[in-house]
Amino acid sequence: MPKNARAVRDWPLWEIFIRSDHGLAHKHVGSLHAADATMALQNARDVYTRRNEGTSIWVVRAADITASVPAERGAFFDPAEDKVYRHPTFFTVPEGVKHL
Amino acid sequence: MYTQMVDVEAAGAASDEQRRFDEKLDRGVTIEPKDWMPEAYRKTLVRQISQHAHSEIVGMLPEGNWITRAPSLERKLILLAKVQDEAGHGLYLYSAAETLGVARDELTEALLSGRAKYSSIFNYPTLTWADVGAIGWLVDGAAIINQIPLTRCSYGPYARAMTRICKEESFHQRQGFDVMVKLCAGTAPQKAMAQDALDRWWWPAVMMFGPPDSASPNSEQSMHWKIKLFSNDELRQRFIDQTAPQADALGLVIPDCELRWNEARGHYDFGAVDWDEFYRVVRGDGPCNRDRLRARVDAWEEGAWVREAALAHAEKRTRRA
Numbered sequence: 007m008p009k010n011a012r013a014v015r016d017w018p019l020w021e022i023f024i025r026s027d028h029g030l031a032h033k034h035v036g037s038l039h040a041a042d043a044t045m046a047l048q049n050a051r052d053v054y055t056r057r058n059e060g061t062s063i064w065v066v067r068a069a070d071i072t073a074s075v076p077a078e079r080g081a082f083f084d085p086a087e088d089k090v091y092r093h094p095t096f097f098t099v100p101e102g103v104k105h106l
Numbered sequence: 090m091y092t093q094m095v096d097v098e099a100a101g102a103a104s105d106e107q108r109r110f111d112e113k114l115d116r117g118v119t120i121e122p123k124d125w126m127p128e129a130y131r132k133t134l135v136r137q138i139s140q141h142a143h144s145e146i147v148g149m150l151p152e153g154n155w156i157t158r159a160p161s162l163e164r165k166l167i168l169l170a171k172v173q174d175e176a177g178h179g180l181y182l183y184s185a186a187e188t189l190g191v192a193r194d195e196l197t198e199a200l201l202s203g204r205a206k207y208s209s210i211f212n213y214p215t216l217t218w219a220d221v222g223a224i225g226w227l228v229d230g231a232a233i234i235n236q237i238p239l240t241r242c243s244y245g246p247y248a249r250a251m252t253r254i255c256k257e258e259s260f261h262q263r264q265g266f267d268v269m270v271k272l273c274a275g276t277a278p279q280k281a282m283a284q285d286a287l288d289r290w291w292w293p294a295v296m297m298f299g300p301p302d303s304a305s306p307n308s309e310q311s312m313h314w315k316i317k318l319f320s321n322d323e324l325r326q327r328f329i330d331q332t333a334p335q336a337d338a339l340g341l342v343i344p345d346c347e348l349r350w351n352e353a354r355g356h357y358d359f360g361a362v363d364w365d366e367f368y369r370v371v372r373g374d375g376p377c378n379r380d381r382l383r384a385r386v387d388a389w390e391e392g393a394w395v396r397e398a399a400l401a402h403a404e405k406r407t408r409r410a
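Chains as they are written, first to last, in our numbering: chain A, 7 to 106; chain B, 90 to 410.
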């Protein structure tokens with residue numbers, strides 16, 4: 007291993023979210039390392055928007071994100087499973103009735 | 090090694106987690122970073138994705154060699170953009186590898202110490218401007234054929250990185266072909282330069298798909314895991330079938346006297362690949378192996394003070410905030 011390689015810790019990891027100009031919400035596109043938020047924004051611009059993919063960038067330290075646990079997916083999302091009446095197609099509309 | 094691995098897994102009854110994992114593979118559901126996965130799957134992916142990332146980064150060197158000597162300002166701007174894309178591809182892939190729980194530092198260390206491999210094509214020198222054309226046309230062309238199936242691979246972050254990369258590779262291949270078109274329409278020495286580049290890059294490009302299926306021991310497991318979707322030989326054949334007519338269009342001759350269309354097979358037949366050369370370059374004895382590694386080590390060492398200073402600055406500002 008070359009000298010210095012271990013001397014410095016990795017720069018923190020940032021998750022990158024980009025909004026395109028098509029009216030969509032910010033969308034996760036990947037991650038990168040940067041020393042601070044300003045550098046993360048500049049690097050995100052160079053890494054993820056070289057072809058005008060975005061008009062707005064959010065950067066969030068990966069360590070600051072709390073995510074749901076994949077192993078608990080079943081129980082966690084269970085409350086939504088048995089409420090089919092939340093979908094409009096659950097209800098039968100009498101024939102001939104319009105604009106419902 | 091593959092046989093051994095399968096034996097170990099077959100010995101223990103499959104766990105519930107293993108069954109859920111296999112079921113996802115069967116249903117074509119992607120595996121995501123925090124999902125349970127077999128350790129061998131994770132390790133294989135780390136190796137495959139990081140080798141791919143290293144290839145993008147080392148791949149900047151042969152082309153970077155021509156940025157200052159591009160024949161026009163337009164060509165220089167295009168080549169700069171292309172080489173910058175390669176850096177971007179390396180970064181997408183490193184970040185995909187990091188989702189598997191490996192630190193960027195470890196990946197860099199593996200490359201710089203010579204433990205990690207990268208595509209051996211980048212251990213060949215770029216002697217003339219035509220080599221920039223040949224790399225875009227052949228090397229990026231081969232890369233596209235390799236990578237398009239990977240946009241459907243089982244590991245989500247890898248598949249998504251490949252989707253971005255494939256979109257950008259088309260520009261790379263076209264700019265290379267365009268360089269060749271211009272040279273082939275030029276003076277006799279210019280056309281000879283294009284032919285010379287094809288002569289030198291053809292076989293290394295054909296080797297990019299890896300050893301023949303008969304000598305590719307890990308392929309079967311990788312195909313089961315859906316991190317490899319076609320065999321080396323299938324992809325190689327596809328590359329040759331696509332590229333031969335392109336060489337005809339340029340009026341160049343592919344340096345393989347056995348290359349000819351086989352009507353019955355619906356494919357081109359081609360000559361034997363010199364696999365000894367391939368293994369020699371993989372082992373470290375290609376024309377530029379030492380140069381390439383030296384360049385990466387120098388860049389890393391000379392950049393150490395910048396990485397250190399940026400971090401110190403960020404920490405100082407945090408303290409004062």
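Where hints are given, some of them may not hold.
Coverage of chain B stretches by chain A, computed from C-beta distances (three or more under 8 Å per stretch; other residues unrestricted) [claimed, not checked]:
| hint | segment |
| --- | --- |
| 1 | 121-129 |
| 2 | 281-287 |
| 3 | 391-405 |
As a list, the in silico SDA-like pairs of lysine to any residue whose alpha-carbon atoms are at most 25 Å apart [stated by the list, open to error]:
| hint | chain 1 | residue 1 | chain 2 | residue 2 |
| --- | --- | --- | --- | --- |
| 4 | B | K315 | B | A205 |
| 5 | B | K206 | A | R15 |
| 6 | B | K315 | B | A338 |
| 7 | B | K256 | A | S26 |
| 8 | B | K206 | B | A393 |
| 9 | B | K113 | A | A73 |
| 10 | A | K89 | A | V99 |
| 11 | B | K256 | A | N49 |
| 12 | B | K113 | B | K271 |
| 13 | B | K123 | A | P85 |
| 14 | B | K113 | A | D84 |
| 15 | B | K123 | A | V99 |
| 16 | B | K113 | A | R51 |
| 17 | B | K271 | B | P160 |
| 18 | B | K132 | A | A77 |
| 19 | B | K123 | A | H39 |
| 20 | B | K123 | A | V66 |
| 21 | A | K104 | A | F83 |
| 22 | B | K132 | A | A43 |
| 23 | B | K132 | B | P122 |
| 24 | B | K165 | A | D70 |
| 25 | B | K123 | A | T95 |
| 26 | B | K123 | A | I24 |
| 27 | B | K132 | B | L189 |
| 28 | A | K33 | B | W292 |
| 29 | B | K123 | A | K104 |
| 30 | B | K256 | A | H39 |
| 31 | A | K104 | A | V90 |
Calculated from the structure, these hints are not laboratory results.
All C-beta atoms, glycine included, are put in the ideal place defined by N, C-alpha and C.
How the hints compare with the structure:
no., hint, in the structure
1, 121-129, "holds (count 4)"
2, 281-287, "violated (count 0)"
3, 391-405, "holds (count 7)"
4, B/K315 x B/A205, "holds, 23 Å"
5, B/K206 x A/R15, "holds, 24 Å"
6, B/K315 x B/A338, "violated, 36 Å"
7, B/K256 x A/S26, "holds, 17 Å"
8, B/K206 x B/A393, "holds, 23 Å"
9, B/K113 x A/A73, "holds, 21 Å"
10, A/K89 x A/V99, "holds, 19 Å"
11, B/K256 x A/N49, "holds, 20 Å"
12, B/K113 x B/K271, "violated, 49 Å"
13, B/K123 x A/P85, "holds, 22 Å"
14, B/K113 x A/D84, "holds, 20 Å"
15, B/K123 x A/V99, "violated, 43 Å"
16, B/K113 x A/R51, "violated, 35 Å"
17, B/K271 x B/P160, "holds, 12 Å"
18, B/K132 x A/A77, "holds, 21 Å"
19, B/K123 x A/H39, "holds, 20 Å"
20, B/K123 x A/V66, "holds, 19 Å"
21, A/K104 x A/F83, "violated, 34 Å"
22, B/K132 x A/A43, "violated, 31 Å"
23, B/K132 x B/P122, "holds, 13 Å"
24, B/K165 x A/D70, "violated, 41 Å"
25, B/K123 x A/T95, "violated, 34 Å"
26, B/K123 x A/I24, "holds, 23 Å"
27, B/K132 x B/L189, "holds, 9 Å"
28, A/K33 x B/W292, "violated, 42 Å"
29, B/K123 x A/K104, "violated, 47 Å"
30, B/K256 x A/H39, "holds, 23 Å"
31, A/K104 x A/V90, "holds, 22 Å"
Violated hints, listed in ascending order, are 2, 6, 12, 15, 16, 21, 22, 24, 25, 28 and 29; each of the other numbered hints is respected by the structure.
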